[in-house]
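All chains, full assembly: derive it from the sequences and hints.
Protein chains in written order, with the numbering used here: chain A, 20 to 502; chain B, 1107 to 1511.
Please note that the accuracy of each hint is not assured.
Derived, one-sided and incomplete: chain A residues facing chain B with beta-carbon distance under 7 Å [claimed, not checked]: (1) LEU416; (2) GLY418; (3) SER423; (4) GLU430; (5) LYS432; (6) ASN433; (7) SER434; (8) GLU439; (9) HIS440; (10) ALA442; (11) THR444; (12) SER445; (13) LYS446.
Distance windows between CB atoms, simulated [claimed, not checked]: (14) B:LEU1118 / A:LEU78: 51 to 59 Å; (15) A:SER435 / B:ASN1366: 14 to 22 Å; (16) B:LYS1499 / A:LYS317: 39 to 47 Å; (17) A:TYR102 / B:ASN1144: 22 to 30 Å; (18) A:GLU86 / B:ASN1428: 31 to 39 Å; (19) B:ASN1137 / A:ASP419: 32 to 40 Å; (20) A:LYS223 / B:GLU1427: 36 to 44 Å; (21) B:ASN1144 / A:LYS53: 34 to 42 Å; (22) A:TYR454 / B:SER1202: 52 to 60 Å; (23) B:ASN1310 / A:LYS188: 55 to 63 Å; (24) B:GLU1167 / A:PRO196: 52 to 60 Å; (25) B:GLU1493 / A:GLU86: 55 to 63 Å.
Worth flagging that the hints you see were computed from the coordinates, not collected in a lab. For each residue, glycine too, the CB sits at the ideal point set by N, CA and C.
Listed below, chain by chain, are the residues.
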Amino acid sequence: MREELSEDELLEKVTTSEYKYGFTTDIESDKIQKGLNEDTVRLISSKKNEPEWMLEYRLKAFDIWKEMDEPNWANINYPKPNYQDIIYYSAPKQKKKLNSLDDLDPELKKTFDKLGISLNEQKRLSGVAMDIVIDSVSVATSFKDKLAELGIIFCPISDAIKEHPELVKKYLGTVVPTRDNFFSALNSAVFSDGSFCYIPKGVKCPMELSTYFRINEAGTGQFERTLLIADEDSYVSYLEGCTAPQRDENQLHAAVVELVALDNAEIKYSTVQNWYPGDENGVGGVFNFVTKRGVCHKNSKISWTQVETGSAVTWKYPSCILKGDNSIGEFFSVAITNNLQQADTGTKMVHLGKNSKSTIIAKGICAGKSNGSYRGLVQIAKGAKNSRNFSQCDSLLMGDKCGSHTFPYIEVKNSSSQVEHEATTSKIGEDQIFYCNQRGIGTEEAIALIVNGYCKDVLNQLPMEFAVEAQKLLEISLEGSVG
Amino acid sequence: MGLIEAIKKYNLTNPISNVENSDAFTYFLNNGIPTNKNEEWKYTSLKQLVSNDFSVEAEGEEISQEELDKSTLKTENQIIFLNGEMVQKPEIDGVSITSYTDKNPSFEDAFTALNAAYAKNGYRIHVEKNVHLNDSIEVIFLSKNTTNNFIQYRNRIDLNENSSIKIIEHFKCLDKNLCFTNSLTNINLEKSSNIEFNKLQNHNDFQIVVDNTIINQDEKSYSTINTLLLGGKFTRNNLSFYQNGEYCESNMNGVVILNNNEFGDNHTYVDHKKANCESNELYKGIYLNKSKGVFNGKIMVRPDAQKINAFQANNNLLLSENSSINSKPQLEIYADDVKCSHGCTIGQLDDDALFYMRTRGINKDDAKTILTFAFASEAIEKLTIAELADITKKEMEKKLNLSLN
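Written as structure tokens, this is what we have:
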């Protein structure tokens, strides 16, 4: 009985909900003028009280960005953003540095409650340490002290630049160089905050670390930078979530995430991306242009798991450079597009070390008039002897107006490696639905059931709290897409 | 004088008079030989090859009867081109065979444009309604030059309603000079017609081939293209199917075995424009020594082309440390009620299987040969002309023996 009730609840939610994070919060914020020039970069740097070397890094990036062209090879169409019409820095006004979360602006607290992240509750119950980034700056970090006992550094990157310059200097831009692409150069010039995390040698991080990103202010772009370093023999699981208010304009999100897994370390990075996708006519929504990459040293492992449900346009390829021998890279992805959403997402696995292994499982679900693409690269260098890759990318089409595409690139340069790639495209079979109907399961529920089963390989990789959220998100995203 | 300069010089002495051809030539000049920046040529570079000295459509050398006999497959129906001239064609009831000049040539990239501008040799086969040809027609293009030569052919095959035909096509160059062939074949299939087109590409180390084959299919037509890429300095095959009617079927089989510094690139494209069609694609590649392969298979399903079944498989064996393969199987799908899949594997012979054979007293090289044959047999078995299967097997054996010993 109980089972059924909860299922009814779920259905209720499915049928009534649209984008539930579409509210805005009235927090007084400190914004700078629209536009981008050298002074903007200097201003951001000075607002953050950054040391000289950081400013130089930014200015150099800005020079590089000026010479670059926006890429247009991806299978997406969107009006190119006017980079002079964006506010590059916006921060909720804070009177003083906070010592505890109780000092937080009550309006801000309300936002967290609406987002379903009650900081105190999280603290007590789930044991997830969280860093929250609104618009451009990190506003709250929980559990900092407890983590510090283990030597784990988990703080806004702006603090890390001041407090741990040696680490930031050593690793920033080593995985995603400024020159890497148009958006990484832009991010390097104007990034305002993000999370920094360092796990010292031999430490297994006892709790999930988490960052919650939210764009609040209108007309702003969000450019955050995440740097995560797992020192030798360490382990960390990291979660990232994002939402944005419902607006008619297209907001830009151009983040860079760099992961470094040193010898024998393991990083698990999970994302539930739920930026505002725009309405059913394609008005508004976030442009999500993200560069995520990790480098694996000897015997280390990086695992990316992502559930992509939001954004009007997604351009995102979490990648692994398998530099060390015996290193492992994994990519599990569910990308759902509905209405007029477009997603071009996938991964790159670059095998350089011997015996390196990678697994790619990408599941695409397209509904409405949306377009979803998987774009992946598996590259096996000459020296990467005995490497192994397995890729599987499946697409599920719901409706005859949507499109699903696969662009896998496979490059193998030695004879001891094995690469397998398979892809299928199909729709939910009428016989499958009929079977469910026969057993008293309504069509809508049947579809939810089948979609969940289809995504199971990926959802199973998510930490518990995220898996539940992701499952609900799946249903909400696909609401009304079946006629 | 590199290829581009040679072509420009050729243009001075052979000016183009009509508009269509000169448009095509302008397109070629503006775009030039494609480089790695062009997505379709990402892994395929002609840069070094075209910097060699070339003449364009140079006067050929005398070819003896003996040389000719050695080169053909000795089939009944032969169309023979010697140095670009059609010298022999069979007389068959219901089939008209003529030499061909395209009056209104179309083009879509640099090579097809160059072909549209200047190709003046080629054949046209027209099969009348309800004519079924049991024997295959062999087409051989033979040339012999004392300089590096660039030569172009433009062919056309039309099948009227409910007819069928089998064709074997091959290019041979006799002298030890580079021979660059740029060939284009348009195949038009009317309702319920059926073609089997075999490309025998057992080229030598001096042959550079860029081949474009474009198949337009009406409803219920059936096409099979077998590509046997068994050698050659450089080969690029562009194979495009356009399914313009319902209930069509397009099949592609490929066997690629390359050795030493040979390079082979197979690009295929299937455009499913109408509902209830099918396509099957199987390419098997074996790469020895320093050979390099490229595979690019694209399947497009247009909106409303429902109930499509499209299958694509590309399996590759890399048998040497220095061989390499770049594979890009693509799907672009805009209809929901379809079944499309692609699979791609790259690997080696199974160690366990090798060990099993050796425990039964089969030496290592033989075991390798047996397993490699088994790997390729799935594609070879689909050949309906026994002679072609034999040639493929012999060529494989020869190459494997060479590289294993």
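Out of the numbered hints, which ones does the structure contradict?
none
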